[in-house]
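*Asks:* Chain by chain, the residues run as shown.
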Amino acid sequence: MLDQLINGLVVGNLYALTAVGITQIYGVAGVINFAHGSIYMIGAFVGWMAVTWFGLPLLPALVVVLAASALLGLLVERVAIRPFGGAGRTVLLLSTIAAGLILEQAAQLIWGPETKAFHTPFADVRFRVGGGSVSTLDLLILAVGLSTALVIWLFLKRSRLGWAVRATAQDREAALQMGVDVNRVSRVSFAMAGALAGVSGLLVGLYYHSVYHTMGSSASLKGFTAALLGGLGNIPGAFLGAYLLGTTEALGVAWLGSTWRDLIGIALLIGVLLFRPNGLLAAARALLPEPTAGTFIPIGRPLPIPRWALLAAGAAALALPLAVRNGYWLQVLSTAWIFGLLAISLNLITGTTGQVSLGHAGFLALGAYASAILTTRLQVPFAVALVVSPVIAAAIGVLLCYPALRLRGQYLAVATIGLGQGIALVALNWPALTRGPLGISNIAPPSFFGYEITSAAGFYWLTLVLLIGGIWMAERLSGSYLGRALRAVREDEVAARAYGVGLERYKSIAFGLSAFLAAFAGVLLAHSYTYIAPDTFTQALSLQVLTMVVLGGLDNTIGVVVGALALISIPESARFLAEYRFLVYGLLLLLMLRFRPRGLLSAAS
Amino acid sequence: MSLLRAQRARVLLAGMLTMAVVMAGCTGRASAPPGAQAAAGAQTTASQEEVLIGVTGPLTGDSAEYGKIWRRGFDLALEEINAAGGVQGRPLNYVFEDTQSDPKQTPAVAQKFVSDPRIVAVIGDFSSPASMAASPIYQRAGLVQLGITNSHPDFTKTGDYIWSNSGSQEDDAPALAVLAVQDLGKKRLAVLHMNTDWGQTSADLFIEKAESLGAEIVLREAYLLTEKDFRPVLTKAREANPDALILISYYNDGALIAQQIPAVGLDVTVVASGSTYSPQFLALGGEAVEGVYTNTRFHPSDPRPEAQEFVRKYKEKYGTEPDTFAAVAYDGMKILATVLNEVGIDRKALRDGLEKAENLQTITHGTTSFGPDRRLRNPRYIRLVVRNGAFEVWEP
Numbered sequence: 001m002l003d004q005l006i007n008g009l010v011v012g013n014l015y016a017l018t019a020v021g022i023t024q025i026y027g028v029a030g031v032i033n034f035a036h037g038s039i040y041m042i043g044a045f046v047g048w049m050a051v052t053w054f055g056l057p058l059l060p061a062l063v064v065v066l067a068a069s070a071l072l073g074l075l076v077e078r079v080a081i082r083p084f085g086g087a088g089r090t091v092l093l094l095s096t097i098a099a100g101l102i103l104e105q106a107a108q109l110i111w112g113p114e115t116k117a118f119h120t121p122f123a124d125v126r127f128r129v130g131g132g133s134v135s136t137l138d139l140l141i142l143a144v145g146l147s148t149a150l151v152i153w154l155f156l157k158r159s160r161l162g163w164a165v166r167a168t169a170q171d172r173e174a175a176l177q178m179g180v181d182v183n184r185v186s187r188v189s190f191a192m193a194g195a196l197a198g199v200s201g202l203l204v205g206l207y208y209h210s211v212y213h214t215m216g217s218s219a220s221l222k223g224f225t226a227a228l229l230g231g232l233g234n235i236p237g238a239f240l241g242a243y244l245l246g247t248t249e250a251l252g253v254a255w256l257g258s259t260w261r262d263l264i265g266i267a268l269l270i271g272v273l274l275f276r277p278n279g280l281l282a283a284a285r286a287l288l289p290e291p292t293a294g295t296f297i298p299i300g301r302p303l304p305i306p307r308w309a310l311l312a313a314g315a316a317a318l319a320l321p322l323a324v325r326n327g328y329w330l331q332v333l334s335t336a337w338i339f340g341l342l343a344i345s346l347n348l349i350t351g352t353t354g355q356v357s358l359g360h361a362g363f364l365a366l367g368a369y370a371s372a373i374l375t376t377r378l379q380v381p382f383a384v385a386l387v388v389s390p391v392i393a394a395a396i397g398v399l400l401c402y403p404a405l406r407l408r409g410q411y412l413a414v415a416t417i418g419l420g421q422g423i424a425l426v427a428l429n430w431p432a433l434t435r436g437p438l439g440i441s442n443i444a445p446p447s448f449f450g451y452e453i454t455s456a457a458g459f460y461w462l463t464l465v466l467l468i469g470g471i472w473m474a475e476r477l478s479g480s481y482l483g484r485a486l487r488a489v490r491e492d493e494v495a496a497r498a499y500g501v502g503l504e505r506y507k508s509i510a511f512g513l514s515a516f517l518a519a520f521a522g523v524l525l526a527h528s529y530t531y532i533a534p535d536t537f538t539q540a541l542s543l544q545v546l547t548m549v550v551l552g553g554l555d556n557t558i559g560v561v562v563g564a565l566a567l568i569s570i571p572e573s574a575r576f577l578a579e580y581r582f583l584v585y586g587l588l589l590l591l592m593l594r595f596r597p598r599g600l601l602s603a604a605s
Numbered sequence: 001m002s003l004l005r006a007q008r009a010r011v012l013l014a015g016m017l018t019m020a021v022v023m024a025g026c027t028g029r030a031s032a033p034p035g036a037q038a039a040a041g042a043q044t045t046a047s048q049e050e051v052l053i054g055v056t057g058p059l060t061g062d063s064a065e066y067g068k069i070w071r072r073g074f075d076l077a078l079e080e081i082n083a084a085g086g087v088q089g090r091p092l093n094y095v096f097e098d099t100q101s102d103p104k105q106t107p108a109v110a111q112k113f114v115s116d117p118r119i120v121a122v123i124g125d126f127s128s129p130a131s132m133a134a135s136p137i138y139q140r141a142g143l144v145q146l147g148i149t150n151s152h153p154d155f156t157k158t159g160d161y162i163w164s165n166s167g168s169q170e171d172d173a174p175a176l177a178v179l180a181v182q183d184l185g186k187k188r189l190a191v192l193h194m195n196t197d198w199g200q201t202s203a204d205l206f207i208e209k210a211e212s213l214g215a216e217i218v219l220r221e222a223y224l225l226t227e228k229d230f231r232p233v234l235t236k237a238r239e240a241n242p243d244a245l246i247l248i249s250y251y252n253d254g255a256l257i258a259q260q261i262p263a264v265g266l267d268v269t270v271v272a273s274g275s276t277y278s279p280q281f282l283a284l285g286g287e288a289v290e291g292v293y294t295n296t297r298f299h300p301s302d303p304r305p306e307a308q309e310f311v312r313k314y315k316e317k318y319g320t321e322p323d324t325f326a327a328v329a330y331d332g333m334k335i336l337a338t339v340l341n342e343v344g345i346d347r348k349a350l351r352d353g354l355e356k357a358e359n360l361q362t363i364t365h366g367t368t369s370f371g372p373d374r375r376l377r378n379p380r381y382i383r384l385v386v387r388n389g390a391f392e393v394w395e396p
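Residue numbers (our numbering), protein chains in the order written: chain A, 1 to 605; chain B, 1 to 396.
Hints are computed from structural coordinates only; laboratory data are not their basis. Don't take each hint at face value.
Unchecked claim - Partial chain B-side listing against chain A, Cβ under 7 Å, derived:
1. P107
2. E211
3. T226
4. W394
Cβ coordinates follow ideal geometry from the N, Cα and C atoms, glycine included.
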């Protein structure tokens, strides 16, 4: 027990380093920086080069990393934050994701994809504590974590620039009117957070003796969790959250097993946020974490597309397999239609109701698993499973999301990351139902009344018909009372409630309908792949769907379908780029966000 | 107002342009097959045209490093094949399509390969979800899919066009149990395994065999592929008081576990599955992996001349010793070339040829052939131990 507590504190130490940087950026820029993990990773690589190529001792290596990652922080601010100033936080969220993707791909091209060994450049001494031990490196990490926190605290409380940073955090416009150079403030805080991220990457790389190009993503997720636990923007809170997360995970692993670690972390986060929605150390009178109206998501007006043009496009799409016999493009388009359906379903949450969800892969998994289990275990025909699975998925989806719906804005966004991953983790940890990591194989292809759909064209038509059904449903919903009520929730929660629109009730309806539509996509996916496993439904997939929605235009049904079409077919068309493919994808994403922040098919309203 | 309208018109135009580009992309490619077929017709007359193998695998993303190692194995195999006259007098080559080992992308790549008449067989993909999402397409089209890393027990069950030259867990895991229990005489085993299809099946098979040999399993713990912090699990292992720790791991996580063993005060013999056999395991693990036992179907000190030749050429070309991933990639390409050379450049003939082929020369299985489960027969194992920063052959 004591040993496990120490284990938890040791890993909590690592979480704290990342959490402090994330929380600091949030305090200033009001944005969760998804590129933080990538700066962390590049910091680790720079440190690795300094130590193993140039033979620098630890201290000079630390200085080099500090400088390099501060510069990188500045670069991220210049490229992914400042140009998007007025575009709303969802766009900022995506622009930092794009910047992170570009950095990660660049790192892979520069240093190669294989994990690099990184051994401590000093003799690491262990001290026995209980049955286990603590090393000098653990103490060094603790010292760096505490001293950076102290420096940041002194900077914010004592220096003039620190005051300016805090003023900007409280009210950007007011600070600007008082003569604060808010751009300078933003630069300073990104440089500081970058430096911190780089140093933590270096230290964690040393701790695990390895650096690799994807090391940032899992580290930053733990950092977000710890920062949210403590309360975003609260530095002592980040420490508290990190140690709490580390020890709870260690005790949970000792009790349940290692595969439960992430689920335990997610449960802790959601449990804490339910009772303290702004985190453990947030003051009761703290400002609302999000503005109540308007500015969180920029909604454009859908471009008017004449009805005949839509009908013609639909007819052309339906007739396509008659003219095109190439299985490859029919397959790509089928995938695009499935993701179009998924984008429509996410659009109900994010576009219509204004709630950011980063865990949509979870809903997809619910539908896919429901249908796979029904057809392979219970021998239910496909046609029945196609109808029943979405109902099951909607019911489970609402049950799971209901507790999280009290959260707002970015808190809800991070909770949905947890829920999405949680669903995949439950599938992994419940072998009796889902066959766990083995996944479910030999799922029959779709069939109606004994006729199996196996050709690329047949599958294309099936997906397209369901997509058209989805579009029809979404459009009907949009014009109905329900659609208007959901939009009222998006525009102003206080006003909506004043008019008798129950927030949690309508948000639940939105999540339920969304899970229902997403499950159709899940069923199609399961029966098209014929094999599903928990790692079919990744966090990256959730992010991709959100990108489709934002790119196509929030609350614009046709737009998000076009977004899905573009994001599925562009990487496919770019195959000739080979290793550079996703680097270019990241750049394109950044450019589109810059020049069309309201989406391809929407204009400023 | 008019400004707004102009802006909107421009936006509409931009949107339509995007659509048009996408559609043009579709139709442009769509019209390809008749043309390609015509080209293929021309190919058969001009016999110097390349014979192509489609490779579907990760070049970017989390598993990119394996795709890179594959490519080395393929390139080395091709050099030898083409220096010896190619297949049926035509040069052999491959097209590597990056899928990030993502099941969303593999079916499309499968359709692409299936509709490209120049492609006679496919190698890949890396992970089970990615590979098996594409299998039905290959099966229906009658194009051989050779999985070189696919040990999932269901992988070859999709149909008679799905083959694998990767190790089968049904052979590997029991052999490891023999090493731990019989050769090393360990009786109280703590088993840590990766929680993937491979890890779980291997652990089941290992435990079954170990128990039948009289050992006791004092702890069984699964861990996720993304796990980095093993201290809690290792503390638990210490409390179970084992005399050996069994790692069913890849080299990255295996090295990570080995490093954290001393931190929790655990002092036992470590026996790791053959998948840790890689120079990376030594580089990442450093001193922590000294004394780790493992067994493998491939080792550079394998005295057979083909194996020696492979190791020498690989080191010469890439400056590092080959690992199992390089060996299976090399073998996969060689197997296809050998059979194609015998039966001719035809998808169906290749499938039948794989079934009939005898005396296939491979690095990982020696001289072998495919069994009725479409996996290679006659695995051989070499016992290894890490001494002075290198894998050494160990005899009990």
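*Asks:* Determine for every hint whether it applies to the structure shown.
*Replies:* Structure-based check of all given hints:
no.	hint	in the structure
1	P107	holds, 5 Å
2	E211	violated, 20 Å
3	T226	holds, 5 Å
4	W394	violated, 24 Å
Checked against the numbered hints listed earlier, the structure breaks hints 2, 4; every other hint is satisfied.
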